[in-house]
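Engineer: Given only the sequences and the hints, what does the whole structure look like? Please build it.
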Amino acid sequence: MNAIVEYFQHIPSLHRALIIAGGITIFWLVESAVPLFTFQYNKWKHAGINFFFTFTTIAINFVFALLIVFTSDWCLQHHFGVLQWIAMPVWLQMIVGLMLMDLIGAWLIHYIEHKVKWMWKFHTIHHSDTHVDTTTANRHHPGESVFRAVFTTMAVFICGAPLWLVFLYQSLSVVLSQFNHANIKMNKKLDRALSYIIVTPNMHRIHHHYIRPETDTNYGNIFPFWDKLFGTYCTTPVKDVHYGLDVLEGRNDEDLKDLLKIPFGNSIKTDY
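Sequential numbering of the sequence shown, starting at 1, is according to the numbering used here.
Take these hints with a grain of salt, some might be off.
Claimed, not checked - The list that follows gives simulated cross-link-like pairs (lysine to any residue, SDA-like), each with its CA atoms no further than 25 Å apart:
#1 Lys117 with Leu248
#2 Lys257 with Ile268
#3 Lys117 with Glu254
#4 Lys189 with Ile206
#5 Lys45 with Val175
#6 Lys189 with Ile26
#7 Lys261 with Phe51
#8 Lys189 with Val238
#9 Lys117 with Gly231
#10 Lys43 with Asp255
#11 Lys115 with Glu249
#12 Lys239 with Ile211
#13 Lys115 with Phe230
#14 Lys257 with Thr124
#15 Lys43 with Asp240
#16 Lys115 with Leu229
#17 Lys228 with Asp216
#18 Lys43 with Tyr243
#19 Lys239 with Trp28
#20 Lys188 with Tyr210
#21 Lys45 with Leu18
#22 Lys257 with Ile60
#23 Lys43 with His131
#24 Lys188 with His131
#25 Lys185 with Val175
#26 Lys188 with Val241
Calculated directly from the structure, the hints in this document are not laboratory data. Fair warning: this is a prediction, and the values are worked out from it, not measured in the lab.
Structural biologist: Take a look at the structure:
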């Protein structure tokens, strides 16, 4: 545990970049070798659109990084937050902290984006992808990236998370998101076993089904517990999943200019 704390307390920026790039590369290769769906698309062109949104997400997170570091330092100095109020060993602090930050910084904001219409319009860019693969993980409109960064900061504040735990959470969040979006054909027994602990590809791809109610289920990113606890867990067979959104049918999901403009127009008809 001491080695983990020491590493993530001082993790170099290069290592954080390698975690992002390495995860995409590994899952890209795996899904190319054993794909679940055989898409008829230009994989590089598709990735180019998603990499654009990945870079905007990184830029926004870089801006918020200073605020997150300040928040973490403030919590430790003022003994504020759940992890500061309750004495616990480091291993338990890690588990509780990761679960709370995943609940607030990932599950909760994701759920809210599906329930608040003006936020949903930003989130539709993520759901607009009709060829979901590992590059879809960071396909977030810059506006949505701001929402998520704000909730990550809130999660750090509520948890009173030390910096090493923040960096560990962010690293796991990135890699698990790349994993559960990957177009990988997994052994059903393995996927089912893993789904008790982490969000798996078969669990999350149901969330990308083009119509409700499936679109409003399986919001989890790292842990599957929250969907099961709050009644948003779904087990629709993978063979029935159709990617995209019914309200965006007929639009080009690789038109970058159109994707950036969608949240600000009135062309999407939705009852959210």
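Engineer: Could you run down the list of hints and mark each one as holding or not?
Structural biologist: Status of each hint after checking the structure:
Under the criterion of a C-alpha separation no larger than 25 Å, the hint pairing lysine 117 with leucine 248 is consistent with the structure, at around 15 Å. For a cut-off of 25 Å, the pair hint linking lysine 257 to isoleucine 268 stands: about 16 Å separates their Cα positions. Simply put, lysine 117 and glutamate 254 have alpha-carbon atoms about 23 Å apart, close enough for the 25 Å limit, and the pair holds. Of the supplied pair hints, the one linking lysine 189 and isoleucine 206 holds, its CA atoms being roughly 17 Å apart against a limit of 25 Å.
A C-alpha spacing of about 22 Å is found between lysine 45 and valine 175, which places the hinted pair at or below 25 Å, so the restraint holds. Distance check on the hinted pair: lysine 189 and isoleucine 26 sit about 22 Å apart at the alpha-carbon level, within 25 Å; holds. Between lysine 261 and phenylalanine 51 the CA atoms are separated by roughly 18 Å; this keeps the pair inside 25 Å, and the hint holds. Of the pairs offered as hints, the one joining lysine 189 and valine 238 holds, with about 14 Å between alpha carbons and a cut-off of 25 Å not exceeded.
For the given pair, lysine 117 sits about 21 Å from glycine 231 by alpha-carbon distance, which is consistent with the 25 Å threshold. Between lysine 43 and aspartate 255, the direct Cα distance comes to roughly 15 Å. Compliance with the 25 Å bound is thereby established for this hinted pair. The straight-line distance between the Cα atoms of lysine 115 and glutamate 249 is roughly 21 Å, inside the 25 Å bound, and the hint therefore holds. At most 25 Å may separate the alpha-carbon atoms for a hinted pair to count; lysine 239 and isoleucine 211 meet this at roughly 15 Å.
The suggested pairing of lysine 115 with phenylalanine 230 holds, with an alpha-carbon distance near 15 Å, which does not exceed 25 Å. Proximity of lysine 257 to threonine 124 is assessed by CA-CA distance (about 14 Å); at most 25 Å being required, the pair is judged to hold. This hinted pair checks out: lysine 43 and aspartate 240 have alpha carbons roughly 23 Å apart, not beyond 25 Å. For the hint linking lysine 115 to leucine 229, the alpha-carbon distance of about 18 Å falls within 25 Å, and the restraint holds.
Simply put, lysine 228 and aspartate 216 have alpha-carbon atoms about 13 Å apart, close enough for the 25 Å limit, and the pair holds. Restraint check for lysine 43 and tyrosine 243: satisfied, since their Cα atoms lie roughly 16 Å apart, inside the 25 Å limit. Straight-line distance between C-alpha atoms of lysine 239 and tryptophan 28 comes to about 21 Å, which keeps the hinted pair within the 25 Å bound. Distance check on the hinted pair: lysine 188 and tyrosine 210 sit about 23 Å apart at the alpha-carbon level, within 25 Å; holds.
Taking the CA atoms of lysine 45 and leucine 18, the gap is about 22 Å. The hint holds against a cut of 25 Å. Between the alpha carbons of lysine 257 and isoleucine 60 the distance comes to roughly 19 Å, so the proposed pair stays at or under 25 Å and holds. Distance restraint check for lysine 43 and histidine 131: the Cα-Cα separation of roughly 9 Å lies within the 25 Å cut-off, and the hinted pair is therefore satisfied. Using a Cα cut-off of 25 Å, the hinted pair lysine 188 and histidine 131 holds, with the two alpha carbons roughly 21 Å apart.
Between lysine 185 and valine 175 the alpha-carbon distance is near 18 Å, which keeps this suggested pair within the 25 Å criterion. The straight-line distance between the Cα atoms of lysine 188 and valine 241 is roughly 16 Å, inside the 25 Å bound, and the hint therefore holds.
In this structure, every one of the numbered hints holds.
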